[in-house]
Amino acid sequence: MKKKNEEAMSVPMSSMIDVVFLLLIYFIITQKDEISEAHLAVNLPAPGSSKPSDTKPQLLEIEVHENMYSLRGVALSLENLENTLAKFNDPDLTVIIKVSIQAKAKDLVSVLDLCQGAGLTKMNVVTLR
Amino acid sequence: MKRNEEELQTPITSMIDIVFQLIIYFIVTSSVDKDMVDETIKLAEATHSPAVETTDPRMVVINVNAQGKVNIALQPLNMKQLEQLLLAMKVQSGNSVPILIRCDGNTRFDYVDQVMQRAAKVGLYRVRIAAMVEG
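These protein sequence lines map, in sequence, to chains A and U. For the record, in the first sequence the residue sitting at position 44 is 44 according to my numbering, with numbers rising by one throughout. For the record, in the second sequence the residue sitting at position 117 is 117 according to my numbering, with numbers rising by one throughout.
Since the hints were derived computationally from the structure, they do not count as laboratory data. Check each hint, because a few of them may be wrong.
Estimated spans, in silico, between C-beta atoms of each pair [claimed, not checked]:
hint, chain 1, residue 1, chain 2, residue 2, range
1, A, 70, U, 23, 49 to 59 Å
2, A, 18, U, 45, 20 to 30 Å
3, U, 57, A, 36, 14 to 24 Å
4, U, 96, A, 16, 49 to 59 Å
5, U, 20, A, 117, 39 to 49 Å
Where a beta carbon is used, it is the ideal one built from N, C-alpha and C, also for glycine.
Bound conformation, chain A alone:
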């Protein structure tokens, strides 16, 4: 009696273990893909809209070239840009980011990220040709 019970138990257990391992492996693989994303909001210039370059003091211009950044015409490293942006902690400040077509998307993303970190909310992206 005891012997029969043990034999009956041993068969489902091994297949269960197989399936459970498969499930485990599947979950481990899919877990890795779960990368969290940030979505950085930007405004695009409307074609034919008036240039915003009239006398507006609360306007911040950042130029992005490949691995080179400049704020209001002064070339800066990414660290310096971060420190400088931290001083403009004003959510109403309009930031105009002029991006060279030679630049990489990651250059733009790092600037947008810094702006977001500095509490700026109005980012506009303009293309430099």
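Given chain A, put chain U in place with the hints provided.
What follows is chain U alone, placed relative to chain A:
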């Protein structure tokens, strides 16, 4: 002989249960993956921005790979098709339809700009750029 049949019956029903569960799970996850992620794109990293928790179901996700090729839900598109699709989305969902550009970190801005121009041309001025958040 009788004893052998009894032993076999129990594992098969539980196996079938589990296999059905697995099949359902695979079907559900594969359809979700399809319209969300282009695995070939390596997003640029962001360190200061918060990760998004909820996304608008109307969101149009435009993938731009490192070579500048554009696809939506893994369906490759040229610029004209992209414009038509964006126009259709705008007519359907209005000006507030959110656009997400998932561009590879190494994509030249040139290509991203072309997508942005099409969006602006259609009248969608607010776009989002996806970045990867560590941790």
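Tested hints:
1. A:70 to U:23: 49 to 59 Å: holds, 57 Å
2. A:18 to U:45: 20 to 30 Å: violated, 39 Å
3. U:57 to A:36: 14 to 24 Å: Because 19 Å falls inside the window, the suggested range holds.
4. U:96 to A:16: 49 to 59 Å: At 51 Å between Cβs, range holds.
5. U:20 to A:117: 39 to 49 Å: 48 Å Cβ-Cβ, so the 39 to 49 Å window holds.
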